[in-house]
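> Chains as they are written, first to last, in this note's numbering: chain V, 6 to 119; chain E, -3 to 109.
Any given hint could be a false lead.
Straight-line Cα separation of at most 27 Å, BS3-like style, residue types lysine-lysine; simulated pairs [to be verified]:
{"no.": "1", "chain 1": "E", "residue 1": "36", "chain 2": "E", "residue 2": "15"}
{"no.": "2", "chain 1": "E", "residue 1": "34", "chain 2": "E", "residue 2": "14"}
{"no.": "3", "chain 1": "E", "residue 1": "36", "chain 2": "E", "residue 2": "49"}
{"no.": "4", "chain 1": "E", "residue 1": "34", "chain 2": "V", "residue 2": "47"}
{"no.": "5", "chain 1": "V", "residue 1": "47", "chain 2": "E", "residue 2": "5"}
{"no.": "6", "chain 1": "V", "residue 1": "111", "chain 2": "E", "residue 2": "36"}
{"no.": "7", "chain 1": "E", "residue 1": "34", "chain 2": "E", "residue 2": "5"}
{"no.": "8", "chain 1": "E", "residue 1": "32", "chain 2": "E", "residue 2": "18"}
{"no.": "9", "chain 1": "V", "residue 1": "27", "chain 2": "V", "residue 2": "63"}
{"no.": "10", "chain 1": "E", "residue 1": "14", "chain 2": "V", "residue 2": "76"}
{"no.": "11", "chain 1": "V", "residue 1": "76", "chain 2": "E", "residue 2": "36"}
{"no.": "12", "chain 1": "V", "residue 1": "111", "chain 2": "E", "residue 2": "32"}
{"no.": "13", "chain 1": "V", "residue 1": "76", "chain 2": "V", "residue 2": "27"}
{"no.": "14", "chain 1": "E", "residue 1": "36", "chain 2": "V", "residue 2": "27"}
{"no.": "15", "chain 1": "E", "residue 1": "36", "chain 2": "V", "residue 2": "47"}
{"no.": "16", "chain 1": "E", "residue 1": "14", "chain 2": "V", "residue 2": "111"}
{"no.": "17", "chain 1": "E", "residue 1": "34", "chain 2": "V", "residue 2": "111"}
{"no.": "18", "chain 1": "V", "residue 1": "47", "chain 2": "E", "residue 2": "37"}
{"no.": "19", "chain 1": "V", "residue 1": "27", "chain 2": "V", "residue 2": "111"}
{"no.": "20", "chain 1": "E", "residue 1": "32", "chain 2": "V", "residue 2": "27"}
{"no.": "21", "chain 1": "E", "residue 1": "14", "chain 2": "E", "residue 2": "32"}
{"no.": "22", "chain 1": "E", "residue 1": "37", "chain 2": "V", "residue 2": "76"}
{"no.": "23", "chain 1": "V", "residue 1": "63", "chain 2": "V", "residue 2": "76"}
{"no.": "24", "chain 1": "E", "residue 1": "5", "chain 2": "E", "residue 2": "49"}
These are computed hints drawn from the structure, not numbers from a lab.
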Amino acid sequence: GENVEQHPSTLSVQEGDSAVIKCTYSDSASNYFPWYKQELGKRPQLIIDIRSNVGEKKDQRIAVTLNKTAKHFSLHITETQPEDSAVYFCAASLGGGGADGLTFGKGTHLIIQP
Amino acid sequence: DTEVTQTPKHLVMGMTNKKSLKCEQHMGHRAMYWYKQKAKKPPELMFVYSYEKLSINESVPSRFSPECPNSSLLNLHLHALQPEDSALYLCASSQATAQETQYFGPGTRLLVL
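Required output: the full structure, derived from the provided sequences and hints.
Shown next as C-alpha cells:
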C-alpha cells in the first residue's frame, strides 16, 4: 500500500517568516495530494490540494509543489501569522477509478513565534 | 449545507456495550468514509462507501460494522470494543469520482472502559 513520509515533525518559525513542510510518497500511481490543517480538538480542514497533472498551485499565502518523478510534494506558507499555528497533514490517494481513501503523513506541528 | 455532521460528540462505553456513531451530509456526495485518529497521530482509513456500497475495508476488526442506509447517512456500529479502540472517529464525504476533496466531520471522541 501507499506510504507517506512527512518532515519535519515540528517546525517553529518567527511570525512573518516562511514555513516549508515536505512529504514523499511511495506509490507512483498516486495522483491526488491534499494538505489538511488540524487545530487542537477540531476537524481536519483542507487548505490546498494538487493533482498529478499540475506541478504547482498557489492560493494567497499558501502554495504546494509536486514533483512526480521524485515522488515528492511540499507545502509553502509565506508571511506566517499566529493563526497558522496548527498540525498540518499531507496525504495521498490513488483515485484510479473512483473514490479512494487518503493515506496521511504523520503530521507537522507548526508553531508561529510572535 | 456544506458541512458533515456527526453524533454524538462524545461517547463512553463499556466493553460489553453496543453503540452506534452517526454521520450525515447534504452536499450530494456519493462517497463517504470512516477514519480513526488516535491522539497525536494522523487519521487512518477504516472504510470507504461509494454509491452506498462498501468499496474499501482496511482490514478493520469485525467489532466495527459500517452501514450506509442512504446517500446522506453513514453509521458505524460498535460492539465488544477494546480500550485500545478509544480514539476520535472521523467521518468524511466527497464526490465519488477520483481526486475529489474529502470534507471531514467534527468527529466522535470515543472512550472505551
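> If a hint holds in the structure, say so; if it doesn't, say that too.
Each hint tested on the structure:
| no. | hint | result |
| --- | --- | --- |
| 1 | E/36 to E/15 | 25 Å, holds |
| 2 | E/34 to E/14 | 21 Å, holds |
| 3 | E/36 to E/49 | 31 Å, violated |
| 4 | E/34 to V/47 | 13 Å, holds |
| 5 | V/47 to E/5 | 11 Å, holds |
| 6 | V/111 to E/36 | 9 Å, holds |
| 7 | E/34 to E/5 | 16 Å, holds |
| 8 | E/32 to E/18 | 14 Å, holds |
| 9 | V/27 to V/63 | 16 Å, holds |
| 10 | E/14 to V/76 | 43 Å, violated |
| 11 | V/76 to E/36 | 25 Å, holds |
| 12 | V/111 to E/32 | 14 Å, holds |
| 13 | V/76 to V/27 | 11 Å, holds |
| 14 | E/36 to V/27 | 19 Å, holds |
| 15 | E/36 to V/47 | 13 Å, holds |
| 16 | E/14 to V/111 | 31 Å, violated |
| 17 | E/34 to V/111 | 11 Å, holds |
| 18 | V/47 to E/37 | 14 Å, holds |
| 19 | V/27 to V/111 | 11 Å, holds |
| 20 | E/32 to V/27 | 24 Å, holds |
| 21 | E/14 to E/32 | 18 Å, holds |
| 22 | E/37 to V/76 | 23 Å, holds |
| 23 | V/63 to V/76 | 19 Å, holds |
| 24 | E/5 to E/49 | 26 Å, holds |
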